[in-house]
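*Asks:* Below are the chains, spelled out letter by letter.
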Amino acid sequence: QKEVEQDPGPLSVPEGAIVSLNCTYSNSAFQYFMWYRQYSRKGPELLMYTYSSGNKEDGRFTAQVDKSSKYISLFIRDSQPSDSATYLCAMKPGNAGNMLTFGGGTRLMVKP
Amino acid sequence: ETGVTQSPTHLIKTRGQQVTLRCSSQSGHNTVSWYQQALGQGPQFIFQYYREEENGRGNFPPRFSGLQFPNYSSELNVNALELDDSALYLCASSLVGRGTDTQYFGPGTRLTVL
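Order-wise, the sequence lines are chains V and A. The opening position of the first sequence corresponds to residue 1 in the numbering used here, with each subsequent residue numbered one higher. The opening position of the second sequence corresponds to residue 1001 in the numbering used here, with each subsequent residue numbered one higher.
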């Protein structure tokens, strides 16, 4: 079993929809949680960075962390075709330096 | 402020050969990490360099090695290439020790081993 599980999709939604992306994890030592967006043939781009449990909002994006359930989510409001990409969750313990553990990614398609 | 750059973009090698991939960190960053991303998978941490020393390693064999130079550029070397080494190799740089350690990724080098 992988440390971080993520539904690979693809997830197809109409433009303007609210998108929910999720990851579950097994390592209770994880304290820092990130969401990256990766377009085809590009490197991952950081979208959200959160520490411990709680919510964080940035524009159309909201990240939620529930450490008691070992479950994190990314919500995208008013989704746009330009949001079509693969979304990767990543996480690390407090003492892991830069060693991120990634999920496998969810491919999102937003149709006009 | 310049971003993270990697070279070459694509590379084709045959099994048993050796390869060197290069990364130029974002200006001002002192730490570089390398990741391997197989097709359809998330990136897997290979190792991290800070002040020219390896200070963290994932589950990769010793034939994966690296260097970090005083100007914070970096190399990833892979010896005795295997077919399973075919992947996108990502470099990420960050500034550790200044209250933030956000990693910024380069576009990657796509390695194909035949």
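In case anyone wonders, no lab produced these hints; they're calculated from the structure. It is possible that some hints are incorrect.
Result set (DMTMM-like, lysine to aspartate or glutamate): computed pairs, CA atoms no more than 20 Å apart in a straight line [said to hold, decoys possible]:
| id | chain 1 | residue 1 | chain 2 | residue 2 |
| --- | --- | --- | --- | --- |
| 1 | V | 70 | V | 15 |
| 2 | V | 2 | A | 1084 |
| 3 | V | 42 | V | 83 |
| 4 | V | 42 | A | 1085 |
| 5 | A | 1013 | A | 1075 |
| 6 | V | 2 | V | 66 |
Not the full set, but computed from the structure, chain A residues with beta-carbon under 10 Å of chain V [unchecked claim]:
| id | residue |
| --- | --- |
| 7 | 1006 |
| 8 | 1057 |
| 9 | 1088 |
| 10 | 1104 |
Computed from a predicted structure; not experimentally measured. We put the beta carbon where it would ideally sit given N, CA and C, even for glycine.
*Asks:* Now tell me if each hint is right for this structure.
*Replies:* Going through the hints against the structure:
1. For the proposed pair residue 70(V) and residue 15(V), the alpha carbon gap of about 30 Å is over 20 Å, so the pair is violated.
2. Of the pairs offered as hints, the one joining residue 2(V) and residue 1084(A) holds, with about 19 Å between alpha carbons and a cut-off of 20 Å not exceeded.
3. Proximity of residue 42(V) to residue 83(V) is assessed by CA-CA distance (about 14 Å); at most 20 Å being required, the pair is judged to hold.
4. Between residue 42(V) and residue 1085(A) the CA atoms are separated by roughly 19 Å; this keeps the pair inside 20 Å, and the hint holds.
5. The straight-line distance between the Cα atoms of residue 1013(A) and residue 1075(A) is roughly 17 Å, inside the 20 Å bound, and the hint therefore holds.
6. The suggested pairing of residue 2(V) with residue 66(V) holds, with an alpha-carbon distance near 19 Å, which does not exceed 20 Å.
7. Restraint check, residue 1006(A) versus chain V: the minimum CB separation of about 8 Å is within 10 Å; hint holds.
8. With 10 Å as the threshold, the beta carbon of residue 1057(A) comes within range of chain V, its nearest partner Cβ sitting at about 9 Å, so the hint holds.
9. Hint on residue 1088(A) holds. Least Cβ distance to chain V is approximately 8 Å, under the 10 Å limit.
10. The interface hint given for residue 1104(A) holds, since its Cβ lies 7 Å from the closest Cβ of chain V, which is under the 10 Å cut-off.
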